[in-house]
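**Q** Okay, here's what each chain looks like letter by letter:
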Amino acid sequence: MSQSTLCEVENMQEEEQYRLLDQVIEDYEGMETNLVQVLHYAQSIFGYLSMATQRYIAEKMELPLSKVSGVVSFYSFFSTMPKGRHTISICLGTACYVRGGKKIIDKLNELLSIDVGETTEDLRFSMEIKRCIGACGLAPAMSIDETVFKRVNPNRIKNILEQYE
Amino acid sequence: MVNITMNRKRITVPQGTTILEAAKKNHIKIPHLCYLEDVHESGSCRVCVVEVEGMKNLQASCITQAAEGMVIDTNSQRVRSARKILYELLLSDHPKDCLVCGRNNHCELQELGELVQLEESRFDGVHSKSHRDLSSYAIEKDDEKCILCRRCVTVCNEIQGVGIFNVQNRGFGSSIGGGMELPLGDTTCTNCGQCVTVCPVGALKEKDATQNVWEALKNPDVEVVVQTAPAVRVALGEEFGMPAGSNVTGKMARALDDLGFNHVFDTNFAADLTIIEEGTELLLRLVNHLHHQGAITAEQVEKTGLPLLEEAPALPMITSCSPGWIKFAEHTYPEQLKHLSTCKSPHMMLGALVKDYYAKQINKDPKDIFVVSIMPCTAKKYEIERPEMMNGGTRNVDAVLTTREMAKMIKDAGIDFITLEDREFDNPLGISTGAADIFGVTGGVMEAALRTVYELVTGREIPFDKLRVEPMKGLDRIKTATLTIKDPIETYQFLDGVEVSVATTSGLLGAVTLLDEIEDNASPHVFIEVMGCPGGCISGGGQPRMTTQHIREMRMQGLYREDEAKVLRKSHENPFITEIYEKYLEKPLGHLSHELLHTTYVPRQKR
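Protein chains in written order, with the numbering used here: chain C, 1 to 165; chain Y, 1001 to 1607.
With the rest of the complex left out, here is chain C (with noise of 0.2 angstroms):
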């Protein structure tokens, strides 16, 4: 599948989603050792994995829905739960991490009350983690979406986040 396919994605229709997930798993001749790469592009599709689209990989694939599952549930980049329309990444590469990213989660936990890898009730916001965006030098960093924040101090990410509808 093109990249400029997925790129696409965001407006289509439900019906046109499974249509395109069909055509990835057929793709992938519907193997069990292909899964991840199928879930990753269902991802890239529904931008999330709810427990429908699970169902329906697993009955595509003729795979139980607990093995599944158990795949989206094993690595950290799969979610399922929808994406907000933020995306709030904050680093915790080694330079981040000393110079405070912590802090910088406790601070967006409080503020959203919500945990890395969840999104808002209102679908503002998701929370995610990064491992080094490399803006080592302007540590400890974050980012909305493409836009880069450096040296957060936490008392102030309440003013970041205002400008984010």
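To be clear, the hints were calculated from the coordinates, so they are not data collected in a lab. Certain hints may be false.
Claimed, not checked - Going by beta-carbon spacing under 7 angstroms, a handful of chain C positions derived as facing chain Y:
1. G47
2. M51
3. R55
4. A58
5. P64
6. L65
7. S66
8. K67
From a predicted model like this one, the values you see are computed outputs, not experimental measurements. Glycine residues also receive a C-beta, built at the ideal position from the N, C-alpha and C atoms.
Place chain Y on chain C using the hints.
**A** The following block gives chain Y in isolation, referenced to the frame of chain C:
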């Protein structure tokens, strides 16, 4: 053959033998935990590690093959210390409430403790999981006790082909489950309970029914009726230290009487009844199939006394005695349910008769009768909850106790089981033939049905030799046979020379092969017997733990002995079967039979 040295002894073992097997054969004990012969050999717990000269790391002996010249120490200081630490770590994440655990004194983790001889447990920290899943009617899962040995995962996926168990999450957060925090009751679990029989600790067990039964026994207004499945009588003794396969039918009936049950009946009677109903259903399907193919005329069908069906019936017909198999079929092959015999399983038939026919005999309101089934099975606990299993507003069966639960009640009541005098079952629902005994073994329902159907069609007794199904294991999951009908009686003349192909399988993976054939319209069979558990009910999910191949064979022989010791060995020879049709049911597949003894099936979600 390869030559190895183990603990300074020279040993010769066949190529391909694992170190653990080699040790066992030479009476060297290597403590192990997750390993289960023929079932689970994955080295996941690491308790069985040994030191092999020239290898840097300790090796898991259950998966390491012995190689020429290997020098092994199973008990070096390094091994002992590794084993102790492993055991300590296992304990650090396990509740230590052994005295109030159902597995107390029957726990493999406790047994391991005796071998490892720990004097203090140094690690005490956060426990990884605490969830208890009570959502299933049949099986209870207590994650807190789970030691993640993965035996249940192997059995569920590789032997039963169901796969509701797999490891979820990872590291310290790992647990065994159906995924997406799905409660067990909402999964495609068949309730077969094979996971329960292999669980080394108290993490998986049957849903308790003993409390309900005690309540019923205490209640003076309730008539408590009990019935026992064939496979229980050759396994119950094991719970009291008797050898596997011991026949304890008489002691069991006595114990039930002593416990205070008002009527001690035998599911075997209903097994005989099942044969009459199911055998007739098979003939009905076969004859009508031939009619729809144009091979025989409507008059020929009428002559047999069997009804003429408007639509062509589905063949092959598949047995329906095993509720684990039934639920598996409903989930996995929802389009093929028409192939299932409509007969209820025997204990449900008996329950229905007790609350209808027998209630009238003893002048009782069915609502004041409490029927208890003692079963080798956990799936029967689910089966009695099915809405189809009711007649006249009451449930056919009110409680199912597993063989293990039965033993618990006997112990609880202070009954000295070993010394009990034999007792007969009560009449009339306690009379049975040898054909009913073998219902508990793979191939048994098939054999019992053939004994009767063959005689109905030919007027002669079926030759008894070569009917037996040998223990099934590994790739021999499916057994097939062909029976040629010769010289039938006048009415069935059109069956002369017809070859009837039959197949039996036990363990659900074998059923997949047979059902796939049906889906592809390629099944050569007329009649298929499926039992949900490997080897049949003798190794059901409710039987004493553990069930090894040897124990399975011993129980099987026990049932064959019961059969062979009986004068009457064919269901249609059961005098009370004849009587109940004459006086009550009228005829097989008749109106009342349909109401009480037959059922319907429900297509269910596939994953």
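**Q** Each hint: holds or not?
**A** Hint check:
1. G47: Violated. Min distance 17 angstroms.
2. M51: Holds - the Cβ of M51 (chain C) comes within 7 angstroms of chain Y, reaching about 5 angstroms at its closest.
3. R55: The hint holds - R55 (chain C) has a Cβ within 7 angstroms of chain Y, the shortest such distance being about 5 angstroms.
4. A58: Given a least distance of 4 angstroms, the restraint on A58 (chain C) holds.
5. P64: OK, holds: P64 (chain C) within 7 angstroms of chain Y, min 3 angstroms.
6. L65: holds, 4 angstroms
7. S66: At 4 angstroms from the nearest chain Y Cβ, S66 (chain C) passes the 7 angstroms test, so the hint holds.
8. K67: Check passed: Cβ of K67 (chain C) comes within 5 angstroms of chain Y, closer than 7 angstroms.
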